[in-house]
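Number of protein chains: 2
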Amino acid sequence: MLADRRLLVAGLALYDAVMNVIYVFYVSRPMDKFEVKLDQAARAAWMSYIGGMTQDEIASQLGVSRPGVQRLLALARQEGLVKVHIDHPISNCMALGSTLRDYFGLTYCEVVPADNHAADSAASYLAVAAAERIAQLIERSEPLTLSLGTGRSVRAAVEALSRVERPQHRFVSLVGNVARDGSANRYDAVMVMADKTGGERFLLPAPVVAETLAEKEAMLTQRLFKAIADVARESEAAFIGIGRIDRQATLFQDHFISESELDELLGLKAVGELLGWPLNRDGEVIDCSITRRVTSLPLERFGKHHMVAIAGGHEKAPAILAALRGGWLKGLVTDEVAARQIVEAL
Amino acid sequence: MLADRRLLVAGLALYDAVMNVIYVFYVSRPMDKFEVKLDQAARAAWMSYIGGMTQDEIASQLGVSRPGVQRLLALARQEGLVKVHIDHPISNCMALGSTLRDYFGLTYCEVVPADNHAADSAASYLAVAAAERIAQLIERSEPLTLSLGTGRSVRAAVEALSRVERPQHRFVSLVGNVARDGSANRYDAVMVMADKTGGERFLLPAPVVAETLAEKEAMLTQRLFKAIADVARESEAAFIGIGRIDRQATLFQDHFISESELDELLGLKAVGELLGWPLNRDGEVIDCSITRRVTSLPLERFGKHHMVAIAGGHEKAPAILAALRGGWLKGLVTDEVAARQIVEAL
DNA sequence: TCATCTATCGAACAAATGATCGTACGTAAG
DNA sequence: CTTACGTACGATCATTTGTTCGATAGATGA
Numbered sequence: 010m011l012a013d014r015r016l017l018v019a020g021l022a023l024y025d026a027v028m029n030v031i032y033v034f035y036v037s038r039p040m041d042k043f044e045v046k047l048d049q050a051a052r053a054a055w056m057s058y059i060g061g062m063t064q065d066e067i068a069s070q071l072g073v074s075r076p077g078v079q080r081l082l083a084l085a086r087q088e089g090l091v092k093v094h095i096d097h098p099i100s101n102c103m104a105l106g107s108t109l110r111d112y113f114g115l116t117y118c119e120v121v122p123a124d125n126h127a128a129d130s131a132a133s134y135l136a137v138a139a140a141e142r143i144a145q146l147i148e149r150s151e152p153l154t155l156s157l158g159t160g161r162s163v164r165a166a167v168e169a170l171s172r173v174e175r176p177q178h179r180f181v182s183l184v185g186n187v188a189r190d191g192s193a194n195r196y197d198a199v200m201v202m203a204d205k206t207g208g209e210r211f212l213l214p215a216p217v218v219a220e221t222l223a224e225k226e227a228m229l230t231q232r233l234f235k236a237i238a239d240v241a242r243e244s245e246a247a248f249i250g251i252g253r254i255d256r257q258a259t260l261f262q263d264h265f266i267s268e269s270e271l272d273e274l275l276g277l278k279a280v281g282e283l284l285g286w287p288l289n290r291d292g293e294v295i296d297c298s299i300t301r302r303v304t305s306l307p308l309e310r311f312g313k314h315h316m317v318a319i320a321g322g323h324e325k326a327p328a329i330l331a332a333l334r335g336g337w338l339k340g341l342v343t344d345e346v347a348a349r350q351i352v353e354a355l
Numbered sequence: 010m011l012a013d014r015r016l017l018v019a020g021l022a023l024y025d026a027v028m029n030v031i032y033v034f035y036v037s038r039p040m041d042k043f044e045v046k047l048d049q050a051a052r053a054a055w056m057s058y059i060g061g062m063t064q065d066e067i068a069s070q071l072g073v074s075r076p077g078v079q080r081l082l083a084l085a086r087q088e089g090l091v092k093v094h095i096d097h098p099i100s101n102c103m104a105l106g107s108t109l110r111d112y113f114g115l116t117y118c119e120v121v122p123a124d125n126h127a128a129d130s131a132a133s134y135l136a137v138a139a140a141e142r143i144a145q146l147i148e149r150s151e152p153l154t155l156s157l158g159t160g161r162s163v164r165a166a167v168e169a170l171s172r173v174e175r176p177q178h179r180f181v182s183l184v185g186n187v188a189r190d191g192s193a194n195r196y197d198a199v200m201v202m203a204d205k206t207g208g209e210r211f212l213l214p215a216p217v218v219a220e221t222l223a224e225k226e227a228m229l230t231q232r233l234f235k236a237i238a239d240v241a242r243e244s245e246a247a248f249i250g251i252g253r254i255d256r257q258a259t260l261f262q263d264h265f266i267s268e269s270e271l272d273e274l275l276g277l278k279a280v281g282e283l284l285g286w287p288l289n290r291d292g293e294v295i296d297c298s299i300t301r302r303v304t305s306l307p308l309e310r311f312g313k314h315h316m317v318a319i320a321g322g323h324e325k326a327p328a329i330l331a332a333l334r335g336g337w338l339k340g341l342v343t344d345e346v347a348a349r350q351i352v353e354a355l
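In the order they appear, the protein sequences are chains W and A.
Take the first sequence: its position 223, counting from 1, is numbered 232 in this note's numbering, and each next residue is one higher.
Take the second sequence: its position 311, counting from 1, is numbered 320 in this note's numbering, and each next residue is one higher.
I should point out that these hints are in silico values taken from the structure, not numbers from a laboratory.
Glycine residues also receive a C-beta, built at the ideal position from the N, C-alpha and C atoms.
Don't take every hint at face value.
Claimed, not checked - For each label pair, taking beta carbons as the anchor points, the in silico distance ranges come out as:
| no. | chain 1 | residue 1 | chain 2 | residue 2 | range |
| --- | --- | --- | --- | --- | --- |
| 1 | W | 173 | A | 172 | 33 to 41 Å |
| 2 | A | 71 | W | 80 | 30 to 38 Å |
| 3 | W | 277 | A | 172 | 49 to 57 Å |
Said to hold, decoys possible - Restricting the straight-line Cα-Cα distance to at most 30 Å, the calculated cross-link-like pairs of lysine-lysine (DSBU-like) are:
| no. | chain 1 | residue 1 | chain 2 | residue 2 |
| --- | --- | --- | --- | --- |
| 4 | A | 205 | W | 205 |
| 5 | W | 46 | A | 92 |
| 6 | A | 46 | W | 92 |
| 7 | W | 278 | W | 225 |
| 8 | W | 235 | W | 205 |
| 9 | A | 205 | A | 235 |
| 10 | W | 235 | W | 225 |
| 11 | W | 46 | W | 92 |
| 12 | A | 235 | A | 225 |
| 13 | A | 92 | A | 205 |
| 14 | A | 205 | A | 278 |
| 15 | A | 92 | A | 46 |
| 16 | W | 92 | A | 205 |
| 17 | A | 92 | W | 92 |
| 18 | A | 46 | A | 205 |
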């Protein structure tokens, strides 16, 4: 034990002069070569990352060339000697976001931190985050055509936007804003948006789900309807909500579909809805009597568009997952709760 | 004179209260802006350090300019959001550390690598290492009482800590923070600590060394002083510096003792100082006219505490050795230079 | 309400980092 | 002993990062 220590101290004394005789070490104990390197690497990493020294300083300190330090640092990283941790709640969100982005091939995915205590504040985060994204688009002065879906999230996002004078932009709704009873939704997201920017507004004068097939046909052939659909087709990006399919579904609560229709969808294993198109858990549009009467633009149309969904919350997770699986989305703004649930389900 | 001091103490208490109010005010509302910034900073840091993105990519992602990202990253580092850990036992330091630990029966001893040329960067290593240790303690949510000494090392360690909301903790200074001339040290380590955590602060309203024995007696019997001393006694751990006794001694440089007093200590073979208590080379507290006027809590009191010293550097080695020999310490964070010198002196 | 002041932002520049390539040295086979 | 191969090193260049300075917008106070 004591001899051991003596040896160690002697070794330490030697260490400073070691640079030029390293190979002596490794001739006598070849296995130590890599060890010594790793040791050096750790030292270099320490100086660089914690000490904040430049590679030149480290080089002169360690007695190697600057590229040598470069290689040591690369080695240290490659060997996983350097552990970086971001000490902030956002860190989790970022990790979740990039997982989702990579897995589903999204252009971007933003995950906002969810407050477990106050569910409403989480919704507000979502809105602000989405609003920022939208703001980036409408900020520019060249004319822009933007599509908007329905739903509380989209509404909230649009409301979180600040006023900017952009009369050259056009905003078009992808979903009919007429309820069964014929009443129009005065405060559609498109309305708010156009009010805030002074841009043009295009509303789909139709119910989400027509009463009959014939009614739908009549809608689709209307000149006005076609004109608006054309505008929608020109839009560069679309911000839409994702709906659940259950008793609390917006589609049902707002009387766009009847109770029996809801039951029919549930029977067909619908878990979510995009612009009124019901999706099964794999994200495929369910073909049924209801689907055939949906007046929204077909999802396939949006392949080339930048379709961004805004949705969050525990209960929405299955619906979001379905939409992702279907590959309909290019972007997603969600919250930590939903993101975590989705990642765990993968 | 005495009245003067009273006034001062009262003033200090008031000052403290005011600072607390200001702090709370600052935290509750206008901090929102700062919070958002930190969020952004954390995002940027994540993308940069974990995501491996370039600053240009991050800039376009976050919608700010590249220099903006630069500032965010700087903020993240400054606020301690970015924790870098080198996951490799650097053999030298490990060896030195375990030697010291075994020899002096310490609970732990951490030796950070130091470079002989740039002494200031060594101080930074020390700070980070010590900060990690402190962080482990304050991390927990049960109320904690922590003592802090003075000195640059302790200050730096506390500053290297990241912000954590821990209003339930209490921080108390073991050394008076009033200089001879009556001026109070506004940025005591305890202050910084409390600012970072939102915890309670307890400052010893006294000079380290009283002018006269009578003055010391007056201090010790003050209600406020006794109250704070009681809190200190309840603390579970103490992080303190180790002072040298020579022309460069902090105690002398900061006018806590006069030149003649310094000479007296040198004549009595003092080599170091712990909380103001001078030690000879065997670590025994030197009994002299000065010692009798020291207002800090007696070292014997800390027998059961977890007393950890933070000190490094060539010149501090004799003082550290003395403190170790005296058996006052349970833990030590030092640097390679000092550790090697101590090991060689054994 | 206006003037001034300060904090913030982005353009441009300087420094540092990461990557590529040619060279030289050591090793092993012919 | 020579030659061919592989490895590691360091000069050089492109890219990325950090800093400085002037401009701008919002805040503050008269």
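Structure-based check of each hint:
About 35 Å separates the C-beta atoms of residue 173/W and residue 172/A, a value consistent with the hinted range of 33 to 41 Å. Separation of residue 71/A from residue 80/W is about 32 Å and conforms to the stated range, judged on CB atoms against 30 to 38 Å. Between residue 277/W and residue 172/A the beta carbons are some 52 Å apart, a value that agrees with the proposed interval 49 to 57 Å. Proximity of residue 205/A to residue 205/W is assessed by CA-CA distance (about 41 Å); at most 30 Å being required, the pair is judged violated.
For the given pair, residue 46/W sits about 24 Å from residue 92/A by alpha-carbon distance, which is consistent with the 30 Å threshold. For the proposed pair residue 46/A and residue 92/W, the alpha carbon gap of about 24 Å is at most 30 Å, so the pair holds. At most 30 Å may separate the alpha-carbon atoms for a hinted pair to count; residue 278/W and residue 225/W meet this at roughly 24 Å. Only pairs whose Cα atoms come within 30 Å are accepted, and residue 235/W paired with residue 205/W is accepted, the gap being roughly 26 Å.
Of the supplied pair hints, the one linking residue 205/A and residue 235/A holds, its CA atoms being roughly 26 Å apart against a limit of 30 Å. Between the alpha carbons of residue 235/W and residue 225/W the distance comes to roughly 12 Å, so the proposed pair stays at or under 30 Å and holds. Proximity of residue 46/W to residue 92/W is assessed by CA-CA distance (about 18 Å); at most 30 Å being required, the pair is judged to hold. About 12 Å separates the Cα atoms of residue 235/A and residue 225/A, which keeps this hinted pair within 30 Å; it holds.
Among the hinted pairs, residue 92/A with residue 205/A is consistent with the structure: their alpha-carbon atoms are about 16 Å apart, no more than 30 Å. Pair hint residue 205/A plus residue 278/A does not hold up; C-alpha atoms about 40 Å apart against a cutoff of 30 Å. Pair hint residue 92/A plus residue 46/A holds up; C-alpha atoms about 18 Å apart against a cutoff of 30 Å. The hinted pair formed by residue 92/W and residue 205/A meets the criterion: a straight-line CA distance of about 24 Å does not exceed 30 Å.
Note on residue 92/A and residue 92/W: the hinted pairing holds, with a Cα-Cα distance of about 8 Å set against a maximum of 30 Å. Taking the CA atoms of residue 46/A and residue 205/A, the gap is near 17 Å; set against the 30 Å cutoff, the hint holds.
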